[in-house]
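Please model the entire structure based on the sequences and the hints provided.
So you can see what is in the structure, the chains are spelled out below.
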Amino acid sequence: MRVPHLLFSVALLCYFLSACGYWWNVRRHRRTTFVLATIGVAVGFLTQSVALLLYARAVGRPPFATFSEILILFSWVVALVYLVAEMRYRTGSLGIFLVPLAFLATFFALLIFQYTVQLDPKVRSVWFGMHIVFAFAGLAAFALIFGAGLMYIIQESQLKSKKIGAFYYRFPSLESLDSINATAQSFGFPFLTFGLIAGIIWAGAAKGSLLRWDFQYTLPLLVTWLMYAVLFIGRLAGGWRGRKPSVLAVLGFCVAVLTYFLHTAK
Amino acid sequence: MNILLLGLSHKTAPISVREQLHFSDEHLVESLKQFGAMPAVEEAFLLSTCNRTEICARVQDAELSAKELRTHLGDCRGVPLSSFEACLYTYQDAEAVRHLFRVASSLDSLIVGEAQILGQVKAAFQAAKESGVLGPVLHQVLERAFTVAKRVRTETRISENAVSISYAAVELSRKIFGDLADKTVMLIGAGEMAELAARHLLSNGVKSLLVCNRTFNRAVELAEGLGGDAIRFEHLQERMAQADIVISSTAAGKVIVNKDEVQRVIRQRKNKPMFFIDIALPRDIDAAVNEIDHVFLYDIDDLENVIETNIKERQREAVRAEEIVQSEVAKFLAWFDARDVTPTIVALREKFEHIRRAEVERFVNRNGKMSEADIQAIEQLTTSLLNKFLHAPLVSLKQQGSSDGSTAYAQTIRQLFQLDR
Chain C
1 MRVPHLLFSV ALLCYFLSAC GYWWNVRRHR RTTFVLATIG VAVGFLTQSV ALLLYARAVG
61 RPPFATFSEI LILFSWVVAL VYLVAEMRYR TGSLGIFLVP LAFLATFFAL LIFQYTVQLD
121 PKVRSVWFGM HIVFAFAGLA AFALIFGAGL MYIIQESQLK SKKIGAFYYR FPSLESLDSI
181 NATAQSFGFP FLTFGLIAGI IWAGAAKGSL LRWDFQYTLP LLVTWLMYAV LFIGRLAGGW
241 RGRKPSVLAV LGFCVAVLTY FLHTAK
Chain X
267 MNILLLGLSH KTAPISVREQ LHFSDEHLVE SLKQFGAMPA VEEAFLLSTC NRTEICARVQ
327 DAELSAKELR THLGDCRGVP LSSFEACLYT YQDAEAVRHL FRVASSLDSL IVGEAQILGQ
387 VKAAFQAAKE SGVLGPVLHQ VLERAFTVAK RVRTETRISE NAVSISYAAV ELSRKIFGDL
447 ADKTVMLIGA GEMAELAARH LLSNGVKSLL VCNRTFNRAV ELAEGLGGDA IRFEHLQERM
507 AQADIVISST AAGKVIVNKD EVQRVIRQRK NKPMFFIDIA LPRDIDAAVN EIDHVFLYDI
567 DDLENVIETN IKERQREAVR AEEIVQSEVA KFLAWFDARD VTPTIVALRE KFEHIRRAEV
627 ERFVNRNGKM SEADIQAIEQ LTTSLLNKFL HAPLVSLKQQ GSSDGSTAYA QTIRQLFQLD
687 R
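Just so you know, the sequences run in chain order C and X. Just so we're aligned, residue 1 is where the first sequence starts under our numbering, counting upward by one. Just so we're aligned, residue 267 is where the second sequence starts under our numbering, counting upward by one.
Everything labelled a hint here was simulated from the structure, so no lab data went into it. Treat the hints with caution; some may be incorrect.
[Claimed, not checked] EDC-like, lysine to aspartate or glutamate: derived pairs with alpha carbons at most 20 Å apart:
1) C:162 with X:552
2) X:664 with X:616
3) X:525 with X:568
4) X:536 with X:557
5) C:244 with X:559
6) C:160 with X:619
Here it is as structure tokens:
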């Protein structure tokens, strides 16, 4: 167990250094710094992947039973989505918010790390696996919207107030940020929905009732889902774009993270 | 090294002085030849733009020549020295090289990072070459100045952000819309500045242009010139929804686009963002338009502010550029030193002398008792042999000393005779 733990710490260090690199670069904007920081994220991501595999082998099950495991998995997904998005959009600045997010998640995970070899037999189910995979895919998309949304809000307020600063020079155009958000949303919400449905089916099979009305357990999830549903429909049918959905998405992500906290802390 | 640079620029001299000392293109070659003909001057280079006049020369005696050059500069333009002497700056050797590097990289320009100066330095370089007054050292300085300028342009962002109204309009459009290829620009009024901004936008990818003017004929004329469509002033409101970027510059003297209208237009556009640029005085567009979501309104003051921030950003980058200049000056000095053949000559002589002495000593020791006179004779013989052997190579080396290939020459000799071991 010491090897995976050590590797997780290496990944943590990589994310930390890369995050520092991206922030240092806000003012400097050096190509080399950006490349080094991005290599750092990639190395961190690979290290973390290996660590997750070793860890799963050591405990003899997939790594999503405890809260810290979920957090680790979350940071892994954020790093992945960042690398993919950077490759796809080449913004050069998405890492400013996403990589610190990956760092924080890993950091807290390691802070409270506890490992139980025992796995609730109820969790050994295809539906539960689907639940986790889709919920995480959704969460990854929302993390991306969170980063790009925050950038949109900053960029828009600088352009609107005509007080341009360091971010103005670094961030991509409003339109490309908005299109990242729209794309991520169109993936994220269906994923989240599938994830929830799989979870409900699993809960029904495992616990005997399809929707056990447990406030702490279910209500936050429902709130998150509703919020993203509103965003999804707003964009699709209401012609929402720009600042309003960005603000909602950033708030929504905070709620979503809180929800995961409550949902998995049980 | 004896490189001397003296001149005056926008930083030291008012326009009234600069214009008197300006060398036009026709005068340039003639004046260069005059400078080259001065006995103290070995190489010369003359740069004259509207912001500066500088003469750079390689001279025999820096102290004396500085005075001569100063007087000559005035004589060339028929201006008494006293009227501009106070504005002159003089740099010598490394400082002169550094100054030239800074000028070519646009670090000394009125607007730091502007691109024009490099072309002007290149033209001056060409003129000096054609006049035959550019020797190997100044040639090298200027070649390197171009390299420095290129490094500064590619390695820093000194010339990246807009510093003119029309470019600021393009830059902001890019920040809002990203790719401009599918965007439409609408000109209201046919002011010169608006036209310039439209031209920049067109050359930055915008494909579609609408021109609206109170005098329809003028709109047609301008639209034809720019490759767009003309719109009658009465149709302005209904066509506005088509436009992503609106540049207004009428002489109406009152608001012609108000908040309610724009609100309606934005609804019609399903919240697609709009960028209004109001460069009219008094303003054409109600300032409250900026309060509407998805609408960005910039007037002339706002654009000026953006430019000011951009200039500060350029100055930040200039700090990095100065580091590049500094390192290139060091490289040049290294080149110059390596070019000097004297150390090679000394080393070659020493090496041979060392061998000769050792051999003579061995010979004397081996043969036991030798008279003082014999030893003297041997010394003389070997020394004279050595001098004869070395004569031809040393003469060639000295001759090469002032030409461009000397570095390679000296290098070869160093390797051949293993002088560096």
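>> Run through the hints listed earlier and report the numbers of any the structure violates, in increasing order.
In response: Hint 6 alone not satisfied by this model.
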